[in-house]
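Student: From just these sequences and the hints, can you work out the full model?
Those protein sequences? They're chains F and Y, same order as listed.
Using the working numbering, the first residue of the first sequence is number 221, and each one after it goes up by one.
Using the working numbering, the first residue of the second sequence is number 64, and each one after it goes up by one.
Heads up, some of the hints might be wrong.
What the hints assert, rightly or not - In silico lysine-lysine, DSSO-like type, Cα no more than 30 angstroms apart, as pairs: (1) F:K294 x Y:K506; (2) F:K321 x Y:K506; (3) F:K321 x Y:K354.
Calculated from the structure, these hints are not laboratory results.
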Amino acid sequence: MTQDNKSNFRPLPFLLMIVVLIALAAGGWWVKTHSTDTLNTAGITTPSTGQTGIDATQHELTLYLPNNNAMLEKSSVAAPTGTASDFVSQAKAAIAVMQEKSPDDFPSGTQLLDVKTGGDGTAVLNFNAKFTDGQFWQGSARTNMTIYSIVNTITAISADDFQAQQVQFQVEGKPIEVLGEFDAHDPLEPDMQWVDQH
Amino acid sequence: MKHRNSSSTNRVHTPVLRPTHAGFFLLVFCSLLFTLAAHADKNTIGNPEALSVYGDIPDLGGVRNVSVSGHEVRALPMRVGNLDILSPFTSSLSLLGASATQVNTSYLPKGTPSSKKDEFFQINIPKQAPIILQIGNAVAYVGGRRKPLLAAPLYSKGQIWLPVFSLAPLLGASARIAPDGTLHLNPTVQSVNVFEVKGTLTVTVSTSAPIPAGKVLMGTTDSPPKIYFDFQGFSMGFNANNSSDERVVDKGKDEIDQVRAGLFQSFPDTTRIVLDLKKPMQAAVQPMPDKRLFALLLLSPGTSTPGATTISNDQPTGNGSLKGMTIVVDAGHGGHDSGAPGKKSLEKNHALDIAKRLTRYLRSMGARVLMTRDDDTFISLQGRVAFANSHKADIFISVHLNSFNNTAGGTETYYYTSHSKALANEVQRSLAAASGLSNRGVKTARYYVIRHTNMPAVLTESCFISNPHEEDLVMQPGYRDKLARGMAQGIANYVKKYR
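Tutor: Shown next as structure tokens:
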């Protein structure tokens with residue numbers, strides 16, 4: 221009986237079966253990773269912008285940042301993880317993200333000390349003294365880009381507890397008179413003439 | 064024996080591999096290998112044979128990112144050997160004057176099975192046959208012709224990745240690698256034509272993508288006589304094969320000696336077209352419905368053309384028309400307040416020089432002109448306003464130079480009060496034409512000196528001192544004189560129309 225069993229064992233079919241199985245598995249893997257047949261050409265007309273997705277649990281911030289042609293470009297980014305939903309938290313997060321993304325558009329060393337809200341829809345942004353550095357506020361384009369990137373961004377914040385209609389700048393808790401040649405004494409409303417429409 | 068019988072029965076019914084079975088499995092196995100090999104070859108995506116079509120490809124090892132017409136593609140590029148760079152820039156094709164859509168089935172190569180249709184897409188360029196591309200296939204079809212690509216388009220991570228070097232010539236674009244590792248895909252200036260229409264010399268410049276408003280800067284020199292145009296954001300075309308060498312692109316005609324083209328600035332690119340003239344001429348830009356075409360009329364000095372923006376060396380018109388007007392000319396900054404710095408000069412000095420020239424022109428037109436400063440003195444904003452208000456000026460004009468970065472450029476005029484708008488419009492119109500720079504328009508802003516003055520008041524930003532090209536211009540006395548003339552002409556036009 222042992223002799224018979226030995227005589228019935230043929231290694232070639234098993235080997236070939238194993239090779240075929242491996243080949244099939246490899247083929248399946250290749251098709252999965254390289255398939256183009258599943259291409260949905262509808263995606264061509266609405267291609268991805270390359271932006272990373274925004275976690276639904278995070279707040280979306282609308283930023284107005286200057287481009288190379290001294291115009292503002294509107295964009296949306298996810299607020300840093302952990303940002304609370306109230307206006308003040310979002311305003312602080314927005315300024316922090318702007319300073320990180322576009323540091324040259326703020327006077328060097330600028331820090332946002334505090335944000336307060338008023339009953340007339342005024343958001344008061346209190347910066348440190350570096351904010352009024354006279355060397356920075358030169359040229360209308362430079363001045364307008366920085367002022368209205370902040371004003372337009374802050375008034376675009378969507379929060380349940382407060383909606384800013386205008387922005388008042390302060391330095392070390394005191395009102396600002398001028399930023400360069402710009403009269404910054406009164407609160408500023410958003411201004412869309414600076415936003416690139418292209 | 065029984066056992067032997069039993070064994071014999073088993074041998075009959077148990078499936079065993081026979082030579083025919085072995086052959087079948089081998090056939091299946093080989094077919095699988097062949098299929099894999101065929102697909103692998105197709106999707107290896109590189110096509111070295113196309114090198115004979117595209118010429119030498121630079122070392123692609125240093126490419127870190129891709130920029131399309133100055134806009135960075137966020138996804139990091141993929142390199143296909145040293146053949147091509149793949150980048151998902153379909154959303155930026157509009158910057159090159161193109162768009163990607165699903166394929167029109169009539170453009171599919173003959174014999175394409177309907178099951179393969181979804182692998183195809185097309186890139187559309189106005190007035191040209193679409194470029195038909197297939198995912199995983201290093202071939203493009205244009206007007207029914209087969210064009211080899213260095214690498215095949217891919218579909219990955221929900222995006223279509225396009226081969227940059229392969230597509231650049233098909234899009235009329237230039238692909239060049241900057242020292243910082245950015246691969247720049249830019250539209251190009253394609254050709255220049257010089258011809259005569261009804262006795263007027265006309266020059267047209269065609270580009271591979273629509274020219275954005277304000278992206279052509281113009282300038283003139285009288286000795287030697289030249290007119291030049293800077294196409295900002297456009298690389299050299301002229302079948303330059305990504306070369307940036309200056310060349311003669313037209314032999315000229317009549318008063319035009321020759322036309323030259325060269326890459327005036329790299330990364331960001333600016334292509335300059337220079338018309339070498341036999342004598343000084345006046346240039347007028349003609350608006351064109353096709354934004355890929357820039358047209359220019361060459362006129363004898365003193366001629367005007369309706370609808371055209373004229374660059375001229377004329378004196379302001381309207382001598383005597385400002386009689387009885389008091390105008391305050393305010394040179395911005397001064398003293399310790401140097402204003403915006405350029406690389407070689409300071410805003411306060413140019414502002415004073417232009418203000419003095421403006422004063423001379425306005426006086427020559429009959430106005431009583433007062434300057435807030437006529438030397439390098441600091442005057443507060445409040446002091447300037449008080450000066451103008453106390454003299455009961457009819458018009459206030461503040462002279463400044465703009466600043467931002469080294470690429471932004473052009474002319475703009477600001478006003479704040481509603482009764483200043485007409486003055487701003489007139490000054491900006493004449494100033495922008497005189498400057499030959501991008502017209503950034505009239506804007507409102509809360510600048511102190513135009514907010515607190517009682518009379519119609521404007522603040523001019525003639526050019527960007529932070530832009531090296533514009534700083535070079537404003538450092539020329541003749542150019543500052545042009546700016547002053549433009550402002551004076553704008554004031555004269557305002558007074559003539561509205562006072």
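Student: Could you run down the list of hints and mark each one as holding or not?
Tutor: How the hints compare with the structure:
Between K294 (chain F) and K506 (chain Y) the CA atoms are separated by roughly 20 angstroms; this keeps the pair inside 30 angstroms, and the hint holds. With a C-alpha separation of about 27 angstroms, the suggested pairing of K321 (chain F) with K506 (chain Y) holds against the 30 angstroms cut-off. Restraint check: the Cα-Cα separation between K321 (chain F) and K354 (chain Y) comes to about 34 angstroms, which exceeds 30 angstroms; the hinted pair is violated.
The structure does not agree with numbered hint 3 stated previously, though it agrees with all others.
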